[in-house]
Amino acid sequence: MATLSLRGISHSYSDRPSVRELTLDVAEGEFFVLLGPSGSGKTTVLRLVAGLESVREGAVMIGERDVSRLPPNERNVGMVFQSYALFPHMTVGGNIAFGMAVRRRPREEIAERVKEVAAILEIAPLLDRLPRELSGGERQRVALGRALVRDPDVLLLDEPLSNLDAQLRIQTRTEILRLQTRLHITSVYVTHDQTEALGMGHRVGVLRDGRLEQVGTPQEVYERPATLFVARFVGTPPMNVVNARSENGGIWAAGLRLAPAAGGRGEVLLGVRPEHVHVRGSRWSAHVPDEDVVPATVELVESAGDQVFLTLQTPLGTLVARVEPSLRPSPGSALDVWFDPGRLHVFDPETKAAIG
Amino acid sequence: MRRLRWFLVPVVAGAAFLVVVPALLTVVLGFTHYDALGPPRAAGIDNFRRMWSDPIFWQALRNSLIFAGIAVPLRLGMALGVGLLLARSRRGVGAARTAVSLPTFVPDVAYALLWLWVFNPLYGPLGAALRALGLPGTEWLLGPWGARLSIVIMSLFQVAEAFIVVVAVRSEIPDDLYEIAGLEGASAWDTFRRVTLPLLVPTLVLLGARDVAFSLQATFVPALVLYEGGPNYATTFLPLYVYQNGFEYLRFGYAGAMTAVMFVVTAGMVGIQLLALRRWRGVLARA
Chain C
1 MATLSLRGIS HSYSDRPSVR ELTLDVAEGE FFVLLGPSGS GKTTVLRLVA GLESVREGAV
61 MIGERDVSRL PPNERNVGMV FQSYALFPHM TVGGNIAFGM AVRRRPREEI AERVKEVAAI
121 LEIAPLLDRL PRELSGGERQ RVALGRALVR DPDVLLLDEP LSNLDAQLRI QTRTEILRLQ
181 TRLHITSVYV THDQTEALGM GHRVGVLRDG RLEQVGTPQE VYERPATLFV ARFVGTPPMN
241 VVNARSENGG IWAAGLRLAP AAGGRGEVLL GVRPEHVHVR GSRWSAHVPD EDVVPATVEL
301 VESAGDQVFL TLQTPLGTLV ARVEPSLRPS PGSALDVWFD PGRLHVFDPE TKAAIG
Chain B
1 MRRLRWFLVP VVAGAAFLVV VPALLTVVLG FTHYDALGPP RAAGIDNFRR MWSDPIFWQA
61 LRNSLIFAGI AVPLRLGMAL GVGLLLARSR RGVGAARTAV SLPTFVPDVA YALLWLWVFN
121 PLYGPLGAAL RALGLPGTEW LLGPWGARLS IVIMSLFQVA EAFIVVVAVR SEIPDDLYEI
181 AGLEGASAWD TFRRVTLPLL VPTLVLLGAR DVAFSLQATF VPALVLYEGG PNYATTFLPL
241 YVYQNGFEYL RFGYAGAMTA VMFVVTAGMV GIQLLALRRW RGVLARA
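Heads up: the sequence lines are chains C and B, in that order.
Letter by letter, the first sequence follows residues 1 to 356 in the working numbering.
Letter by letter, the second sequence follows residues 1 to 287 in the working numbering.
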């Protein structure tokens with residue numbers, strides 16, 4: 001167990017930069033999630049930590065050790081690949097024992113460690129099976145076992161749930177969290193799934209084009225997105241964004257005063273999450289005042305079981321609002337919506353950074 | 001689908017008329033005396049009895065088995081080694097792959113004539129090179145073991161099919177298996193022994209089985225061109241002896257009987273290898 005810190009690391013594939021001057025500190029025993037769309041460089045960050053890509057600029061520190069120039073096997077990291085990368089010709093036991101076998105550990109020690117890990121992951125009955133005889137969830141656990149057997153300082157997980165079906169994914173998520181809590185192992189978990197990131201991470205780092213846009217607790221990232229990108233990438237359906245102007249002590253769009261002025265002046269981008277688009281008549285919404293309301297026409301009604309999303313046409317553009325399932329306006333009907341001024345996000349249209 | 005079956009007709013018909021029927025006729029011929037001048041006469045098992053007491057037949061069979069025993073592992077090793085070296089795409093790999101494949105596609109007789117010159121003890125480049133290094137030249141290739149060895153050496157460079165298969169199968173092994181091996185600290189040798197080789201074994205066994213069948217026939221041209229079966233029958237391999245009996249001594253019945261025996265020997269050796277593969281798979285998984 002150790003801290004992990006990345007000090008201004010950069011990396012590029014031929015000429016295309018994939019990670020740019022990234023600095024990040026992961027605390028001992030923390031479960032850190034790197035969240036980003038595909039191509040954002042999140043897997044590359046993991047590979048840089050593991051030593052599968054070489055660090056040309058900056059440093060990777062595990063505890064007090066600068067591991068930037070060390071070969072992968074001397075960094076003492078465990079890694080779970082998205083594909084699991086199990087050796088197809090070896091049994092589960094053989095896969096888990098692989099690392100210790102090539103490090104020429106004594107037979108008894110190997111057998112004992114494999115047994116321990118198998119017990120923790122509840123895969124003891126599978127030890128003699130071949131990977132092709134396992135289900136996706138079982139393979140995933142074997143890959144985890146192989147990563148854990150060496151007692152790594154840092155555990156790296158590259159989208160380990162993406163090959164599982166939806167139900168198994170949720171179950172496995174819980175298992176990984178339980179295991180991480182129990183072993184208290186410093187972990188970096190890469191995903192493109194924001195639900196996974198918010199649900200699992202002690203902290204989340206949102207990565208875009210090889211840069212960290214924001215690092216914070218799931219709540220911070222969700223409630224106070226630092227940039228427009230984070231605001232739109234985190235949360236489903238994504239945050240509504242409309243063009244607005246900040247002037248005369250208010251934020252205006254389509255002739256309506258939507259909020260008291262934030263710091264910015266002139267053109268701004270105004271963001272509001274679907275649950276903060278208050279709909280008159282919805283029990284979930286705050287009381288909608290009579291003024292500063294936006295007239296809207298219902299275009300689509302999408303039910304998600306315990307909630308309903310309305311796609312609305314308004315003078316500000318298309319907006320999505322979240323309402324309770326019992327409120328099911330028919331498409332084409334008119335209603336009034338209102339933005340809770342305390343829940344608005346204002347972004348600079350140039351820098352796309354949050355204002356205020 | 002049904003109609004597509006008709007596309008099989010040319011293949012099946014070709015195989016039947018050019019392979020299966022002649023093969024059966026050859027076996028039938030084995031039970032006759034036939035010199036191509038008169039009609040075949042029934043001979044019962046005369047030819048097989050004669051084979052039993054023909055020292056040259058036993059010598060030829062032995063030569064062929066020795067050749068297969070030495071050449072097949074070496075040829076597989078060659079294909080495996082060069083295949084793994086050239087499996088990753090790097091600059092110049094395309095040209096190197098072509099160079100490795102080329103000797104296989106040279107006509108056999110031309111290839112044999114080329115080696116006849118290379119091996120020539122008086123003015124061949126190999127002898128000159130060896131003498132320049134202070135080693136004896138290539139005169140030793142004229143002895144029985146030298147002759148056999150030279151035919152093995154020639155065969156080592158005609159491994160394009162196995163080479164191409166090794167390259168293809170190796171590039172199908174996912175990179176992340178090698179990355180895991182690296183993360184765990186496996187040396188190059190460990191990686192080869194524990195990852196690459198086991199994953200290639202099924203392929204190598206199939207290539208080996210094919211090469212056994214192939215090597216029992218492949219000796220024909222070089223043995224004929226370089227040594228004409230000598231010295232003292234050292235390079236009289238089965239196919240050459242079959243050819244000599246049939247086309248030089250006009251003993252087609254005897255040649256047919258030997259061909260049938262050769263077929264049985266080949267099938268037996270291939271069968272043993274396939275059985276060994278099944279055993280191996282179980283062992284590997286637990287290694």
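Derived by calculation from the structure, the hints in this document are not laboratory data.
Just so it is clear, the structure is predicted and the values come from calculations on it, not from any experiment.
Treat the hints loosely; a few may be bogus.
[Claimed, not checked] Short, incomplete list of chain B residues facing chain C, as computed with Cβ under 8 Å:
no. : residue
1   : L177
2   : I180
3   : P198
Backbone N, C-alpha and C fix where the C-beta goes; we use that ideal spot for every residue, glycine too.
Verification of the hints:
Restraint check, L177 (chain B) versus chain C: the minimum CB separation of about 6 Å is within 8 Å; hint holds. Interface hint status for I180 (chain B): upheld, as the beta-carbon distance to the closest one in chain C is roughly 5 Å, under 8 Å. Interface hint at P198 (chain B): satisfied, since its Cβ lies 5 Å from the closest Cβ of chain C, which is below the 8 Å cut-off.
Checked against the numbered hints given earlier, this structure breaks none of them.
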